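Peer 1: These protein sequence lines are chains L and U, in that order. Each residue of the first sequence is one higher than the one before, counting from 1 in UniProt numbering. Each residue of the second sequence is one higher than the one before, counting from 1 in UniProt numbering.
Derived from the structure by calculation, the hints contain no laboratory data. There may be inaccurate statements among the hints.
Stated by the list, open to error - Partial selection, computed: residues in chain L whose CB lies under 7 Å from chain U:
#1 Tyr15
#2 Tyr16
#3 Val17
#4 Cys78
#5 Pro82
#6 Trp89
#7 Met92
#8 His97
#9 Lys98
#10 Pro100
#11 Ile102
Said to hold, decoys possible - Derived BS3-like pairs (lysine-lysine); straight-line CA-CA distance at most 25 Å:
#12 L:Lys11 <-> L:Lys73
#13 L:Lys98 <-> U:Lys131
#14 L:Lys73 <-> U:Lys150
#15 L:Lys98 <-> U:Lys81
#16 L:Lys11 <-> L:Lys26
#17 L:Lys11 <-> U:Lys81
#18 L:Lys26 <-> L:Lys73
#19 U:Lys131 <-> L:Lys26
#20 U:Lys169 <-> U:Lys136
What the hints assert, rightly or not - Have a look at the derived ranges for each label pair, beta carbon to beta carbon:
#21 L:Lys98 <-> U:Ser229: 44 to 50 Å
#22 U:Ala56 <-> L:His70: 33 to 39 Å
#23 L:Phe99 <-> U:Asn252: 27 to 33 Å
#24 U:Pro171 <-> L:Val30: 31 to 37 Å
#25 L:Asp33 <-> U:Thr86: 25 to 31 Å
#26 U:Glu117 <-> L:Thr88: 36 to 42 Å
#27 L:Thr34 <-> U:Thr58: 25 to 31 Å
Nothing here was measured: the structure is a model prediction, and the numbers come from that model. Beta carbons: idealized from backbone N, C-alpha and C, even for Gly.
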Amino acid sequence: MDRPTPRINSKRMQYYVGQVVRMTGKMLRVNGDTAIIESTDGGQVEVRLSRDSHLSDDFVEIIGNVEDPHTLKMLAGCDMGPDLDMQTWDTMIEMMHKFPHIFMDPEQARLL
Amino acid sequence: MSSPFYGNAGGGGGGGFVPKSPYGSQESPSGGGGRKTGMHSLRPVTIKQIMESSQAFTEAEWQIDGHDVPSVTFVAQVRNKAQQATNTAFSLEDGTGHIDARLWADSNDPDSAAGGEIENDMWVRAQGTIKQFNGKKHVAAQRVRPLTDKLEVYYHYCEALAVHLELTKGPAKANGTAANGPAPTNGSANVHSDYAMGGGGGGGGSNDYSHMPPLDRAIMQFIESSGNSDGCHLTAISRAVGRTGATAEQINVALERLSDDGHVYNTLDENHFQSVNAS
């Protein structure tokens, strides 16, 4: 992970196909090796879990490769606790894309 | 105490004592007066900012956004950890970049040594100084502790962003809602508009009182613009800010508030006020 991994929400998925990103969300359900998470902006994203994933909390952060605008292939992930203010988190994502210089390469940012 | 010494040495020429040595030793403390302010300031940053920090020459202070950063604090995820006899090396990553950090064991307190409770993939907060060795940056950490609340990750980014923007674009400007400060007087609308004009015209001052109620701001600006080392008399302040419609009582309350908050102090007597920022 030499390049910064931008934090995104579900609305930005379509612009990041083929890139490694981070997405935080609420785990809605797990079905075999796929999970559905609700992104911080409320959109649902399908996550193809890595084989060794052991996520257990309600809220998780997924580092993964965007396969298509609705699917994330998980590379790593971590638990973010049982309770998280999704709206605050989403606002911060917007700020990161508005002022990308300290967070990512400026061309990685995507202002909606 | 120095005058008899000086008189004797100058007049007698061959006094029985050596005036040089006491003077010499007295001079040395004042000679080292070049201390930099803010030497120990701690700045919240992202790892990307650390990687992009620069220094004017080897051994110079590291700079980010053109400002010295003697120490930094940041949040990151532990990607790897290697415990050694005297220190622990962490490989840290926060989504903006990647850096190695070394936490040295505290010789006074071997039990808490070098982050034994930290495991891979944990989120941590680290604090330390930027170092460079063989062209590769790392952080000499004074402290690395696990995060208990993951929201700290994002609040740290908020903090880092706020400092970055303040240093690159200047302090936050006062917006139109400043009038709802603790002094909602009936004349506040007038005071506010007057300040807006005054601020536009004479905005040369380096101090920003945008967080203050309009009346307090007007007083601070008047005191600083007067340039009198003894400060300003209450009457002069009242005359200057009174034409905006503030009553004597409001001015007194405002001065008391400014005094309590440490912005002004009394000089000659209790009716003279001087700004703490006046030189």
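Peer 1: Hint by hint, where does the structure go against what was stated? Just the numbers, ascending.
Peer 2: Hints 1, 2, 3, 5, 8, 9, 10, 13, 15, 17, 19, 20, 22, 23, 24, 25, 26 and 27 contradicted; others consistent.
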